[in-house]
Amino acid sequence: MRQSPDAHVLRSTRDALLCSPMALTRLSISIADAHNADALSGVLETLDPAPSAQSIFRDEPVSGWRLDAYYHAAPDLALIVAAAQTMLPSLSEADLVLAAVPEENWVAVSQAALPPIAAGPFLIHGSHDRAAARGKRYAIQIEAGEAFGTAHHASTRGCLLAFERMVRRQSFRRVLDLGCGSGVLGIAAAKRLPAASVVATDIDEVAIDVARANARLNGVAGQLTLAVAAGVDHALLRNYRRFDLVFANILAEPLIALAPRLACRVAPGGHVILSGLLNSERHAVRASYVASGLTAHTALSFAGWTVLILRRP
Amino acid sequence: MAKKIDGYINLQVKAGQANPAPPIGPALGQRGVNIMEFCKTFNARTKDMEPGTPIPVKITVFTDRSFTFEMKTPPASHFLKKAANVTSGSKETGRVSAGTVTMAQVREIAKVKMKDLNTDDVEAAARTIAGSARSMGLQVTE
Numbered sequence: 049m050r051q052s053p054d055a056h057v058l059r060s061t062r063d064a065l066l067c068s069p070m071a072l073t074r075l076s077i078s079i080a081d082a083h084n085a086d087a088l089s090g091v092l093e094t095l096d097p098a099p100s101a102q103s104i105f106r107d108e109p110v111s112g113w114r115l116d117a118y119y120h121a122a123p124d125l126a127l128i129v130a131a132a133q134t135m136l137p138s139l140s141e142a143d144l145v146l147a148a149v150p151e152e153n154w155v156a157v158s159q160a161a162l163p164p165i166a167a168g169p170f171l172i173h174g175s176h177d178r179a180a181a182r183g184k185r186y187a188i189q190i191e192a193g194e195a196f197g198t199a200h201h202a203s204t205r206g207c208l209l210a211f212e213r214m215v216r217r218q219s220f221r222r223v224l225d226l227g228c229g230s231g232v233l234g235i236a237a238a239k240r241l242p243a244a245s246v247v248a249t250d251i252d253e254v255a256i257d258v259a260r261a262n263a264r265l266n267g268v269a270g271q272l273t274l275a276v277a278a279g280v281d282h283a284l285l286r287n288y289r290r291f292d293l294v295f296a297n298i299l300a301e302p303l304i305a306l307a308p309r310l311a312c313r314v315a316p317g318g319h320v321i322l323s324g325l326l327n328s329e330r331h332a333v334r335a336s337y338v339a340s341g342l343t344a345h346t347a348l349s350f351a352g353w354t355v356l357i358l359r360r361p
Numbered sequence: 096m097a098k099k100i101d102g103y104i105n106l107q108v109k110a111g112q113a114n115p116a117p118p119i120g121p122a123l124g125q126r127g128v129n130i131m132e133f134c135k136t137f138n139a140r141t142k143d144m145e146p147g148t149p150i151p152v153k154i155t156v157f158t159d160r161s162f163t164f165e166m167k168t169p170p171a172s173h174f175l176k177k178a179a180n181v182t183s184g185s186k187e188t189g190r191v192s193a194g195t196v197t198m199a200q201v202r203e204i205a206k207v208k209m210k211d212l213n214t215d216d217v218e219a220a221a222r223t224i225a226g227s228a229r230s231m232g233l234q235v236t237e
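For the record, the sequence lines run as chains A and B.
Under my numbering, the first residue of the first sequence is numbered 49, with each subsequent residue one higher.
Under my numbering, the first residue of the second sequence is numbered 96, with each subsequent residue one higher.
Simulated from the structure, these hints should not be mistaken for laboratory data.
Please note that the accuracy of each hint is not assured.
To give an idea of the chain A side of the interface with chain B (calculated C-beta under 10 Å), a few residues [what the hints assert, rightly or not]:
{"hint": "1", "residue": "A131"}
{"hint": "2", "residue": "T134"}
{"hint": "3", "residue": "A156"}
Per label pair, the in silico range of CB-to-CB distance [said to hold, decoys possible]:
{"hint": "4", "chain 1": "B", "residue 1": "K153", "chain 2": "A", "residue 2": "N327", "range": "26 to 34 Å"}
{"hint": "5", "chain 1": "B", "residue 1": "M144", "chain 2": "A", "residue 2": "S111", "range": "39 to 47 Å"}
{"hint": "6", "chain 1": "B", "residue 1": "A139", "chain 2": "A", "residue 2": "N153", "range": "21 to 29 Å"}
{"hint": "7", "chain 1": "A", "residue 1": "P97", "chain 2": "B", "residue 2": "N180", "range": "24 to 32 Å"}
{"hint": "8", "chain 1": "B", "residue 1": "R229", "chain 2": "A", "residue 2": "L127", "range": "18 to 26 Å"}
{"hint": "9", "chain 1": "A", "residue 1": "Q133", "chain 2": "B", "residue 2": "K153", "range": "20 to 28 Å"}
{"hint": "10", "chain 1": "B", "residue 1": "N180", "chain 2": "A", "residue 2": "A275", "range": "44 to 52 Å"}
{"hint": "11", "chain 1": "B", "residue 1": "E165", "chain 2": "A", "residue 2": "H120", "range": "18 to 26 Å"}
{"hint": "12", "chain 1": "A", "residue 1": "Q133", "chain 2": "B", "residue 2": "E165", "range": "24 to 32 Å"}
Small disclaimer: the values here were computed from a predicted structure and weren't measured.
In this text, a Cβ means the ideal position worked out from N, Cα and C, and glycines have one as well.
With the hints as constraints, model all of the structure from the sequences given.
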């Protein structure tokens, strides 16, 4: 009998729980500079005992980074301070924070950190929240996996809200999702506009594989054409000539670089929804698209991120 | 997509055997990374390797909790223990020998490890591997 990958993972978890000592200690160190955090992580690796896992994350709201090292045996703090001496001379044992890691259902913890995200009529959720999505017309299942676009970032959610605002006023028949990541925006467009044909591209092959699986999972594979493409110079996009709605949720710098060629792909009367830019970057991005012949329509702000809507006259 | 990096997680995972127990569970769970999605993807990607081979993994986590990961070659100590047919290094390095590996075996290991050792020179890589062998208490013979 074939077993699902989940069953296999859960079975090996049970085995691991039965035979491994569970006591785990976390050592946390706040470090201002990412390079030093990385170097210290390398040093910890060489000491005895060595950590069994390490993570380095942005330490919000404090600026800087936090290094967490997980140990099965208690780490030797004096040894760590001595070994870090050359790169972090001011580090003392008082900066090393030890905490016992409680036994928890870590799968449940990680799922609780990934709740469903509502954006207008859309509900973006992982497989663990299928029940919450039941009966919702525009529920979209996306796992937080190997492609950006889980809707847990303001830029994605902002795009969906901007899209809904526009769809209430007019319909679109040819939609492009440029830099599609998980495919979430293209899938939302296909669901919301059943008569539209949607093209979604990304420079990253893995993202296109993920987007293809997501399109199938969400029942819009027939409506969505996917391709690996850098920018807008791809035969598929040339064949479509012009789109009446283009999503580009990238980052300010590539958005500006793409402005002239992307603007060319917008049909007269068509719109672009630009996202992935900070509020402070909106003027520069808007200016580059206005210079490429589009007119500014609306700017929306979500948690410090801007979504710009522009139109080709 | 508006891909911005939020952080990194480094850990060793056994090929085909990723599961939510420590250290994967707490290291990923405390950072809100989808544990089941990582385990499934990792196990699928390592299904053709010898089960249980330790694989160093670097996970890059983005601001919306999506992630990518890269796998490095198993640590030299894993290959050396296999070559010497021992389960652990010497407890008293320098005094008690844990076993023996030949220089030919060391060169074979060096070839596999070369891409992670930042060198194109097999002999230089072999010297690094031989050094690791001695620090584990293994004798290196011609």
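Which hint numbers does the structure go against, in order from smallest to largest? Hint check: 1 and 2 fail, others pass.
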